[in-house]
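J.: Starting from two chains that each stand alone, build the complex the way the hints lay out.
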Amino acid sequence: MAEAARAIEMNTAPQSPVIAAKNLDLVFQTADGPVQALRDVSLTIDKGDFVSFIGPSGCGKTTFLRVIAALEQPTGGTITVNGMTPEEARLKRAYGYVFQAAGLYPWRTIEKNVALPLEIMGFDRAEQEKRVRNVLRLVDLEGFGKKFPWQLSGGMQQRASIARALAFDADILLMDEPFGALDEIVRDHLNEQLLKLWARTEKTIGFVTHSIPEAVYLSTKIVVMSPRPGRITDVIESDLPRERPLDIRDTPEFLAIAHRVREGLRAGHAYDD
Amino acid sequence: MSAATAYGANDRSGAAGWIAALSSTVLPVLTIVLAIVAIWYAASVMMNRAWTLDEAERRGVQLTVMEIVSDAMNQERPVLPTPHQVFDELWSTTVGEPVMRERRGEMQGNPRNLVFHAYHTLWPTILGFGIGSFLGILLAIGITHSRAMDMSVMPWAIASQTIPILAIAPIIVVVVSNLPALNNAVSQGWISEDTKLLVPKALISAYLSFFPVVVGMVAGLRSPQATDLDLMRTYSASRGQTFWKLRLPASVPFLFTSLKVSIAAALVGTIVAELPTGARFGLGARLLTGSYYGQTIQIWSALFMAAICAAALVILLGALEKIVLKRMGARS
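So the sequences go chain by chain: R and X. So in this note's numbering, spot 192 of the first sequence is number 193, and the numbers just go up one at a time. So in this note's numbering, spot 317 of the second sequence is number 323, and the numbers just go up one at a time.
If we strip away everything but chain X, and leave its shape as in the complex, we get (with noise of 0.2 Å):
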């Protein structure tokens, strides 16, 4: 009985251990970065050189191959703008100015500063992924301990995810606006106009948010077999004892799972909300104005921002995740 022993972390140290591992993984993402990398190149340039061409024969100018290329990728406004010009403005607009913030009731900084509208953009996200997320286990929680909740509300909780987003959010910001509490809150001073704004990205972001926590806390509070229920019952335990100590446990890893989903989907469902908002803050509203103004490297950038935000907040998620499954036994 000595199979406590057995279990030792697999070791591959040392250096060939190392490089092993700098093929198998690194090697092959690194590939595949660079052959995208090389086809966007390649798709700018086609998309963007008819533009060179039109520009040139308007001047009466011949242009050489490289020429027409070097020009195709540093276009003010492309068709398709190439990676190091979304990189440049990623750059300048979060690294090389400042923030902007409000000092002594005025605005400072650069307006078009991309930390700025992200985090008028997570805050938003985060609180509706909250919302969301909550609603949705109570939801499943229903579902799965009442038969009525679950013929009743699953088909309601299905046909919300087939209204497209872009038609119920201004229904919402419009109805949401006008809240009498809401309004009485800002001519009190308890809140700003800006945080007015909040409340209905973050109930649109909720709205998209809750749906894939149903789904998944439903699968997994269902997930225990029959013979995990038939032991509660051997106990005499309650519906209560069989929920906490059973049920809930097992759908962690469904919850983690669909959490994840529902995060990045609370995060497109601010910036749809920011479009018909007229909001002048947040990533959204960066895409809408590089739309207004033909600001095609805007609005890549504004996208790229939104995706290593969503990335950003997989990753915590992921991280977390692991820490409780770990708790819970999981081989790691």
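The shape of chain R in the complex, shown without the other chains (with noise of 0.2 Å):
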């Protein structure tokens, strides 16, 4: 039901997959031996999807956004974004990545940033300037694009890295614990204007995190994983509204399925050891 409803809303017909990963098994080999980093990773994500992917630090939810972008090879199985290869995907320009630290070059200014992506995939000028101006309203930083990256609060500075990585206008956008070393109150902040701008753009997105309250107050589908070997335990749709007031969270809804969540984590025994 509740998947019909969307996809009227979204005004689009339910469609293949965005990204389609299949047994996928990654082994890094390392000093100490091989490590499974993932074992036996099957996920699909449809087009508008929110995805976070939940589980303790080594179980391979990073590894898998960075196999997704092509940043790492899979050692078995099949994944592929938008129906290419990853390495495909990428030249097509089909995502957009956003990392832990927000990752600006010191000696650019804020609006030469977020035009990095696009000086390097050629846009001309009067595109890349236009490009700069909506991404820096789209994150609410007008004004801010002449400062130099350490004039901007961390919050500030996490907001143009995302609309660097929206500049060129990507379908998906991966996520990878961008606000995990923002306080409580700016990450709340950011959460909110997250999802408002996910509304607007109706972007497919990869997230990453430690977070329970994060992952179930902004996703459409909560992977939980696990580590040694690294591997999904759990997929929750979420039967959350689209439109998500921060206060959603004290709702029983919300509360039933941050248990479910926490319940999967423990299933993996995630915090045994």
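Think of the hints as simulated: they come from the structure by calculation, not from any bench. Since no wrong hints were added, every one of them can be taken at face value.
Taking lysine-lysine and the DSS-like style, the derived pairs with C-alpha atoms no more than 25 Å apart in a straight line are:
1. Lys147/R <-> Lys332/X
2. Lys266/X <-> Lys332/X
3. Lys251/X <-> Lys148/R
4. Lys148/R <-> Lys332/X
5. Lys328/X <-> Lys147/R
6. Lys113/R <-> Lys328/X
7. Lys332/X <-> Lys113/R
8. Lys251/X <-> Lys147/R
9. Lys328/X <-> Lys148/R
10. Lys222/R <-> Lys23/R
11. Lys251/X <-> Lys131/R
12. Lys48/R <-> Lys93/R
13. Lys131/R <-> Lys113/R
T.: Dropping the structure here:
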């Protein structure tokens, strides 16, 4: 029911998945012998989904995101992004990536930082300026374009880095613990803004987090993972409405989903050792 | 979101601030300078005293303590010249006398003029510094982009710096001054004999100055973090784009630090190069003639001139660094 309603709301029919992983394996060869970072990971992500990956350190959530972004090569299984290999998808500018640290280049102003991917991808000057202006407005950073990164707070820097990932208008936004280093209050604020941005842009978002409330608050789909070897233990489809005020976190529906996530983490023996 | 206004300058104006600045920086600096001068005078008296006493004994006169001190501070060829002697010499050989220059085919002015000699040392220094740092940057780019170069060039660069420059300078001088192309240029009248002497000086100076730049630039070009590089990969950026937009700008602070070391090394290189070339001009030549004739005051004033030149060059680079880094968003 909810699925169909959402499809109508978004004015798009359900279609082939944006990301499809099947039996994905990834083994890192380290000095201490092989480490199984991902084992038998299968997952599909549909267009417009907001998917959170949650689990303790070493569960492979970041690794999985990096595989989608073609920053790591899987050692087994298949994965497609927009029906292509991750490399092809990257060359087609399928995704923007937001790292845990804002990673703005300190010698560039905010607008120059946001323009960086545009310069590399060869957009002309006028188009660059237009897009920079648009995405800075989108993340509420109008008027800060001429500032250097150090002149902005941590939360503002992270918003600038989101703007940078949005600048070339990729369909997919991959975010690796983007708010992990920020305090609770700033984090709440940015979560709210991120949901608004998602509603406005209709992007597909992959979001890695450590925080159960953050995952439940943001996601349409929560992927619970556990370590050694990194694997998926539960996939939870959230039935919370798309419109989510912050106080939705006190509703029984919200708490029920949070409970199931916690159960999933426990079932993975995540905190046993 | 009014953070834009929150970054005002820290204004510490007014007389109170001025006095605070005076007592916190000027006074300590002055104290140290005075201490150095005092120690210097004391050392001069201690070291020059023996000659004064010998001389007095030979003449059979008895000297008071004040007379000994006064004589030890004003000898013509002291073991250690006093500050005022060095300063007098510096003054009279720079401002006090006309600069030597060529006029209608004749050298005019005073051959002792240190401005003239400093000029002859500074040009090869700047030329050698230019060649050396350019080469150093090129090598560093090669080393960071090619594993083969990393493994083959770096050991040679390090080895080159373990050879004493005094040993290799004469070899470079002999080889370069016998280059047919160079001799041809002189005989054709394209360059003068003096300009020809400038070439080996600049090369030796470059030999000393390229190394700090290589080391600093390699560190600088490798300074971007893994996520900075990952970001470039997510844009499918080419190696060239990663170089121009990430590695090169990230290396600029490292570059300036090594350039300052490098320009001081370049000056040393030029002075050393002047010693075995039998150069008539240059601070090295002044040092050499000074030591031939036991003119310690001349040696010391040439040394001070070299130090002043080095300081001026480093300060110049420092100013350039400030301007460049400020434009690159560094906090002031």
